[in-house]
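Once you've looked at the hints, dock chain B against the given chain A.
Residue numbers (this note's numbering), protein chains in the order written: chain A, 1 to 337; chain B, 338 to 1035.
No wet-lab data here; the hints were simulated from the structure.
Only a predicted model underlies this, so the values are computations on that prediction, with no experimental measurement involved.
Don't take each hint at face value.
To be verified - Just a few of them, taken from the derived set where beta-carbon distance is under 8 Å, the chain A residues facing chain B:
| no. | residue |
| --- | --- |
| 1 | 223 |
| 2 | 263 |
| 3 | 267 |
| 4 | 313 |
To be verified - Chain A is nowhere near these chain B residues, computed Cβ spacing over 12 Å in every case:
| no. | residue |
| --- | --- |
| 5 | 523 |
| 6 | 788 |
| 7 | 873 |
| 8 | 897 |
As the list claims (entries may be wrong) - The following label-pair restraints were derived from C-beta to C-beta distances:
| no. | chain 1 | residue 1 | chain 2 | residue 2 | range |
| --- | --- | --- | --- | --- | --- |
| 9 | A | 327 | B | 1032 | 56 to 66 Å |
| 10 | B | 372 | A | 292 | 19 to 29 Å |
| 11 | B | 1032 | A | 321 | 44 to 54 Å |
| 12 | B | 1032 | A | 308 | 29 to 39 Å |
| 13 | B | 395 | A | 292 | 47 to 57 Å |
| 14 | B | 395 | A | 162 | 53 to 63 Å |
| 15 | B | 1029 | A | 325 | 53 to 63 Å |
| 16 | B | 395 | A | 208 | 45 to 55 Å |
We put the CB at the ideal spot given by N, CA and C, even for glycine.
Letter by letter, the chains look like this.
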Amino acid sequence: MSEAALLDPLLLARLATLPLRARRVVEGVLTGLHRSRHQGQAVEFAEHKEYAPGDEIRHIDWRAYARIDKYYVKNYELETNLRAWVVLDASASMGYGRRPPGAARPPVTKLDYAKVLGAALAYLLVRQGDSAGLLVAGSPMTQTPAAGELSVAEPARDADGARLPPAVRRCLPPRSSAAHLAGLMDVLEKLRPAGATDLAGAVDFLAEKTHRRSSVFVLSDLFDPSPRALASLSRLRHRRCEVAVFHVLDPDELEFPFEDPTEFLGMEGPERLEAHPRSVREGYLEEIRAFLASTRRQLRDADIEYVSAPTGGAPDRLLLDFLFRRRAAAARRGRGG
Amino acid sequence: MGSLALANPWLVWGLLAAGVPVLIHLLSRRRARQVAFAAVEFILRSRQQKARSVRLRQILLLLARTALVAAVALAILRPMLQPKAAAAAQTGPAATAIVLDASLSMRWKDGATPLFDRARAEAKSLLDALPAEAPATLLVCDGTAPEAEPPGFDRAAIARRLAAAQAGWRPADVTACTSAAARALGSSPLKAFRVYVLGDLTSPSIRLDAPAPRVPTPTGEVAPEVVFIDAARDSPMPNLAVTDVHLAPSAALGTRGFEITATVRNSGDRPAENAPVSLRAAGRVLVRGFVDVPAHASARKVLAHRFDAGTILADVALEPDALAEDDVRAFVLRVPRDVRALVVDGAPAAVRQKDEAFFVDAALGPGRTGGRIAATFLDADAARSRPLEPFDVVLLLNLPAPAPAWASALRAFVERGGGLFLSGGDNVVPDDWNAAFGELLPRPLHLVRTTAEPGETSGPPPARFARVDFAHPALSLFEGADEGFETARVFRHVLLQPDARRDERVLAWLDDGSPAIIEARRGLGRVVFYTSTVDRDWTDWPIRTSFLPAIQQLVAYLAGGLDEKPPAPSSPGDERTLDVPPGARVETVTGPDGKPARVEETRVKVAMPGHHAVVLREGAGTRDAPELAFAAVLDTRETDTTRIDPKELERHFGGEAQARIADDASGALPKSGTPLWSWLLVAAIAAFLTEGVLVRRG
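Here chain B stands alone, though its shape is the one from the complex:
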């Protein structure tokens, strides 16, 4: 209950008229005619039974008459019942701030109307209803650092800003925005301060652990009156959203098969049953499934598909609901294409098992790779005349140093993006190789070191793999399965010069501290040098379990199929730096809406969620750069549309006297109180009718 205010307090003397019926009642008890009556006892007997009802009737009659006069007198006073907040509110015009929640959740549609549109309309109504003497400011809370201008009287400017405001894609901290708005009000000389917050009151946007807003004034901080206008009008906001997508190769589907695990969150009060989930790419639905998600919980759905090789721009989608923007989550998938490998056998042998390429052949055979790697085996002479362009990876197994022309061709091949695998052997003469390959090698070769003789049981032990970089994409498969490396013995290997070169990375070390496998990036391609042999001449690694898959992985890596992790998605509002190759520049970046995004050199301003395609300019021409394509995804915080408890909200902002929640602008504006005079007149009429009935029945 609030307080009682009187519109005409000077008429309070009229209440004295309520005493008139009492006076009349007293005066009307005049001295009656006296009659000596013998049968008075019978009157007394009858009155004993009726005494109570007669007395009650007299009392009711007196009350009815008094109430009638009192109700009329009170009605003339025009009393008003004011709510507590109004009673506590400072009188006079108030410096006003309007905070408009423009976070992602405000895109939630009630019917066909986004909550943001409704909130914006209510903000406009508030602005129009403000008294002329009340300065105002507007803060659109869209996830950027909240800053509010000092309150002013230029309503038109605020209206323009309001009209131009849009719901964003990012989460917003409404609490911080409210505090910023309150701080801005401190510049007003007025004594009263009021902040209107128009939003959806979802719990992620309002932090109850933050301090309540305060207005700094010369006499100290003052708590403003905070009025929340609930754009959702106290209705729940159920929502399903895809909050995460995880990609993993699917062994069951073979090459180019992937499992896409989508996480679906249900923010509604009811469980979602058989919610359709689709995997889409290039505008087509590739896979469709159904998921059950309990209320206020998440569930996972795995969709598997075998893709074509290349860069796939795909997404996981739910059926659109009230907040359709979070029903789609885009991702970029790099699906490795089939690798064409040229294997140059530097030491062919009539006995197959003794052939230098025997184990490599086993590793890259169709039966082992599922056809993903198509390997061509040639000897050195045949390979020299073979063009290298059709291949993705060239493996030089124990080759003597190539001729300068061929070395140059190999260099150009790598520079253009090809992969080169080099392995040691008896034909590898370090100085010749250094002279032939030059900078193409990850490191210059030094000499061949023999640690032990094969078959010898006495003498120094052979070298072994000591450290393997399982973080490397080519070897990540072996993490946790070290025994395939630990058991391998290396009797002889090529030592490398200790000078480290640019862009080199050691994938595996031997226990003598020398690299066993080293790679370097050269141009667009890569070079991997394995310091021992791919046959059993120098090591028994080829007969260990890890050798064959290691060769497969290294070949795939060199071909670009095992690149770094899929490109991390960006979020709307981020500035993404593209890894543009040297000599190229970004021509355009096209966003999900088909419009170019804002680009500054290699930095892209991500404006909205979805796929972004990159076009590079290289020299005179342009090309699509699918390797630079990326997806922008929403911040999952805004997909939680659970609404905050209104009582908690009021309590945090100062209690009922300081904070309240309204459904619209008219409910938010300060109340002048509830007029009571009409009710009092109704009461007067009721008293009049009651008096009539009692008199008639008397």
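Here chain A stands alone, though its shape is the one from the complex:
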């Protein structure tokens, strides 16, 4: 199987094990999520400096003294242990994915795509020693869950057994161990779209739970009827969290390619609408574009990074562009700071 095929999100959808998918994606991507601003006692040697009164005695490089007969201390780069959350919208609307005409393979849903992104991000984080957590947003399911699937018929509980709010289906606090990563991948693997979108509720929960200066990666279609969702994200910014929103949308939702008379069924509610697509296309596209523009504007105003993530594109390319932008931004901050 060629590397290009591996990068094809539709091809990845056939792969059984998520961690593999995540790793394959991740290994194609450069690392280097962050650099700490702080220099001091370092985990990694950075440079020597002549001893000055006040420096830590334990940092004196005795070998250098033996050779040079002068006292030098070692400077280390202190790599902060980043705490990151992956907030994954697993509401019913994320289950949309159109099967291409004539294709035999199952469609790639927005949730599938978001899972890939989420898994890749988590892998990256843990691999480089950071902590990655997972928050699955989505109100409890109403249908009987299939065997092996996560049931949300009863209130969800976190790892400590505490009851989770209705907007949160699953919560895995950030850890940096490999075992934690495996468990996170497992959760992602078994995740199914269900329930109404309540991103605001999930983000509010996260805002209470997370440490300051955490990174939050939101993977959602943002089809939240409540206008509080974006306001809740702004609240995370107030807690000095770095927020990035990956706006996952299906190409159908962006292009509205329907032609035949269609009865459109809502995925999170009882909406039903029979219409001839030609008569509603223009209006729909107007609405969706306005929605996208408004979302971008509000997130920009809140200093939240917005990443458009249509499921028709390659997730590795998406992440690559994202990480490059991050590194460039970090470099600019280092030069400036």
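Relative to chain A, chain B alone:
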């Protein structure tokens, strides 16, 4: 609005096809492919804004398709919209009467076409368009008693009568004619009755106070359908007319001067300003003036002129308008010629004031009469040898009884038309006079009566004028000024025998019951006997204010200058009896058109307005008789061309369902209705195009 009729009613089931678009619409709402779509909310949002327009478009589309099919289906039914009158009209052939207004106002010209000609042509069109099974009759309403023949099928005869019909000169009662026509229809066995009235709808010819026409049928009276064909085609008929002429002597113009007062009526909606008015005689314009007449009003114009003596055939004329016939009104004027009087003084005196003829001389002098009376004063001896032919009037003032020869000459003079004035006095011996004058006197004389002595203050009072016949032409001037007679005292007068004679008339009475002035007609002339004196011997009347003018008037009367009233005019259609003198007969009467009028003995059938000249045959010869000439004038009712309100007309004759007004025959004939199928096809095409636009825009 009328009623809807269908030419193909059996195809009404086709309207069911209009339900097909609805059915298709319902069936076309098939179960669409279901798609679970996460962004359905955005569709809903956009649809909320477009919901109304989309729904409206769907509704319009359904309506357009339904209308298209329904319009085609209805067009196939060939619907017709029938007016109310047609809906109410009885079905089948109708017994038909055609009433043609032939009154004077139908001579009114629209351009160059008289309304009568137009109406007659429309009547002919109606006649030609009548179904063969519809019996018809014609009534020409010309002012004579309306009588219509029962309806028949001889169209040719009706057509001939129609062709021969002419507009008359008289007013016509169109209402009466319509009723007569309706009555004539009752003899038809048909159930439907229709009366066409062709006229100008002027208000004088239609009486809305008369009952509406009814057709007598065995089952009762039925109202016929009445259709008016307006020959004037709903246009106004402005008209100026001379409706009256009044003649009066003009003191300002002296003798033979007359004032002619013409009354002009304006029947138009606009005032007439500076309308020319002319006085004409013998083909010449004598006087011209201008008159302003307000709309629907009358005004008077006075024209004055001094005529030559004799019988004047004149008229007052306006400039010809659409109804030129009433722009001229003829009249006959008797203008007295100068009177030549022979005054025979029976008691001349050296002292002028004591002369018998002194006061008569004063009365007849040129200064007082303006030269109208030329008087010759002679004594009795001179007068006897004077021929009497040159004179018009002979005055014998206090003469002794004339010799038989002279009396005979006087008699012949009077018989030939001369006037004789006789006055009393001391020389008048009643018996001698009776013997000399005989029947020439109005009444035989009796004796002289003295009531008082002049100058006496005691004793019985003198006689006075008690009663004066101011209706007499000679004394009409004094009506209202009695004091000239009342104050006169008569001390002595001649009593007349009480036997009344033929053709006598007492002009004035004294208070003792005896005539003071009496006249009689003898032959062609007249004799007036004044029972007192013309000087102050027997009376002081000569010094009263009324004496001089009375003498003038009596002389003028005797000369024929103050005859009876001007001859009354006749009207077309009248039969006038001429006052033919004994021994003469009417030779011809020439009408205004120069053609002889129909004459039976002394009765003339007046056919048209204008002057009529009379020629008499007397013995072996003929002579013009200007004294018998007369004018015929129009009945002024027909000069009012104000048109009647059509709504009032319809209402009177039974409302819209029973009566209507049309401009011509084609509009008058029963309508089969207005076809609607073409409009329905237009509607279908419009619906088709609308459907196309809506589909394209969807």
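So, going through the hints one by one against the coordinates:
Interface restraint check for residue 223 (chain A): the shortest CB-CB distance to chain B comes to about 6 Å, inside 8 Å, so the restraint holds. For residue 263 (chain A), the suggested interface contact is upheld, since its CB lies about 4 Å from the closest CB of chain B, less than 8 Å. The interface hint given for residue 267 (chain A) is met, as the beta carbon of that residue sits about 5 Å from the closest beta carbon of chain B, less than 8 Å. Proximity of residue 313 (chain A) to chain B is violated relative to the hint, the smallest CB-CB distance being about 18 Å (cut-off 8 Å).
Even its closest Cβ contact with chain A, about 74 Å, leaves residue 523 (chain B) beyond 12 Å, as expected for a residue assigned away from the interface. Look at residue 788 (chain B): its CB is around 132 Å from the nearest CB on chain A, clear of 12 Å, so calling it non-interface holds up. Chain A leaves residue 873 (chain B) outside its interface by the beta-carbon criterion, the shortest separation being 131 Å against a cut-off of 12 Å. No Cβ of chain A approaches the Cβ of residue 897 (chain B) within 12 Å, the least distance being about 112 Å, so the stated non-interface status holds.
With their beta carbons about 57 Å apart, residue 327 (chain A) and residue 1032 (chain B) fall inside the hinted range of 56 to 66 Å. Distance hint for residue 372 (chain B) and residue 292 (chain A): a CB-CB separation of about 21 Å, consistent with the stated range 19 to 29 Å. Range check, residue 1032 (chain B) to residue 321 (chain A): Cβ separation about 47 Å, and the 44 to 54 Å hint holds. Distance hint check: the CB atoms of residue 1032 (chain B) and residue 308 (chain A) are about 38 Å apart, consistent with the given range 29 to 39 Å.
A hinted range of 47 to 57 Å for the beta carbons of residue 395 (chain B) and residue 292 (chain A) is inconsistent with their spacing of about 31 Å. Taking the beta carbon of each, residue 395 (chain B) and residue 162 (chain A) are about 55 Å apart, inside 53 to 63 Å as hinted. Evaluation of the 53 to 63 Å hint for residue 1029 (chain B) and residue 325 (chain A) yields a pass: the beta carbon distance comes to about 54 Å. A beta carbon spacing of about 51 Å between residue 395 (chain B) and residue 208 (chain A) agrees with the range 45 to 55 Å that was offered as a hint.
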